[in-house]
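Trainee: Generate the whole structure from the sequences, applying the supplied hints.
What follows is the residue order along each chain.
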Amino acid sequence: EAAVTQSPRSKVAVTGGKVTLSCHQTNNHDYMYWYRQDTGHGLRLIHYSYVADSTEKGDIPDGYKASRPSQENFSLILELASLSQTAVYFCASSGGYSGNTLYFGEGSRLIVV
Amino acid sequence: AQRVTQVQSTGSSQWGEVTLDCSYETSEYSYLILWYRQLFSGEMVFLIYQPSFDTQNQRSGHYSVVFQKSFKSISLVISASQPEDSGTYFCALSELDQGGRALIFGTGTTVSVSP
Numbered sequence: 001e002a003a004v005t006q007s008p009r010s011k012v013a014v015t016g017g018k019v020t021l022s023c024h025q026t027n028n029h030d031y032m033y034w035y036r037q038d039t040g041h042g043l044r045l046i047h048y049s050y051v052a053d054s055t056e057k058g059d060i061p062d063g064y065k066a067s068r069p070s071q072e073n074f075s076l077i078l079e080l081a082s083l084s085q086t087a088v089y090f091c092a093s094s095g096g097y098s099g100n101t102l103y104f105g106e107g108s109r110l111i112v113v
Numbered sequence: 001a002q003r004v005t006q007v008q009s010t011g012s013s014q015w016g017e018v019t020l021d022c023s024y025e026t027s028e029y030s031y032l033i034l035w036y037r038q039l040f041s042g043e044m045v046f047l048i049y050q051p052s053f054d055t056q057n058q059r060s061g062h063y064s065v066v067f068q069k070s071f072k073s074i075s076l077v078i079s080a081s082q083p084e085d086s087g088t089y090f091c092a093l094s095e096l097d098q099g100g101r102a103l104i105f106g107t108g109t110t111v112s113v114s115p
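Just so you know, the protein sequences line up as chains P and G, in that order.
Note that my numbering gives residue 105 to position 105 of the first sequence, counting from 1, and the numbers run on in steps of one.
Note that my numbering gives residue 13 to position 13 of the second sequence, counting from 1, and the numbers run on in steps of one.
Note that these hints are calculated values from the structure, not bench results.
For each residue, glycine too, the CB sits at the ideal point set by N, CA and C.
Incorrect hints may appear among the rest.
What the hints assert, rightly or not - Label-pair ranges, simulated between beta-carbon atoms:
| id | chain 1 | residue 1 | chain 2 | residue 2 | range |
| --- | --- | --- | --- | --- | --- |
| 1 | P | S7 | G | T55 | 41 to 49 Å |
| 2 | P | I60 | G | V66 | 43 to 51 Å |
| 3 | G | S41 | P | S84 | 18 to 26 Å |
| 4 | P | K57 | G | S27 | 44 to 52 Å |
Stated by the list, open to error - Some chain P residues close to chain G (C-beta under 10 Å, calculated; not the full set):
| id | residue |
| --- | --- |
| 5 | G42 |
| 6 | R44 |
| 7 | L45 |
| 8 | G58 |
| 9 | Y64 |
| 10 | K65 |
| 11 | S70 |
| 12 | T101 |
| 13 | L102 |
| 14 | E106 |
| 15 | G107 |
| 16 | V112 |
Mentor: Structural data, given as structure tokens:
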């Protein structure tokens, strides 16, 4: 059973509209992350969180907000979606040191038109 | 500044063994290098990691690494590769003293193993 689940799995949004991507983890992990992947590229960190009610900016936070209302849930919010935000978004969680392995969700494909 | 580079766009193979190269930049003393495989479905699967302070090359199943710390280079070796090993392989750097513990990813190397 998947430990990190994302919703929606795919979405078409209109330019200027609001988009919320949700992530839920059952790993009991403290750390959660949002990455974006563009076609033919690696993953880039948008926002992350290491405790509920707190979020941190990653490498490319502009145009995105994040919310961590509980240890299990982490949302990515695009207040005004733009064409350049068309991408696949991955949520991940991570526990303590042991390998610092990130466990990824299935990805959410967002197309902004 | 941190950076992870995977120069190969496709992996090399010989006699069923595939070798993927990765180089990285970091000023941290303690770090991990991790390898992930992205399936054609998009799913990211963790494969193996190498701690910077461990001189022994790590192995996990038919995955192993060749870690050259002084050159800040690491290779993933897939032995006895099968068609099901096809996918895109990502190298990632984790700097352990950074509070976020986020990973910095390379751009990936695509592997296609023919039957």
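Trainee: Against each hint, give a clear statement of whether it holds in the structure.
Mentor: How the hints compare with the structure:
no.	hint	result
1	S7/P x T55/G: 41 to 49 Å	44 Å, holds
2	I60/P x V66/G: 43 to 51 Å	32 Å, violated
3	S41/G x S84/P: 18 to 26 Å	25 Å, holds
4	K57/P x S27/G: 44 to 52 Å	21 Å, violated
5	G42	4 Å, holds
6	R44	7 Å, holds
7	L45	5 Å, holds
8	G58	6 Å, holds
9	Y64	15 Å, violated
10	K65	17 Å, violated
11	S70	19 Å, violated
12	T101	5 Å, holds
13	L102	6 Å, holds
14	E106	6 Å, holds
15	G107	4 Å, holds
16	V112	18 Å, violated
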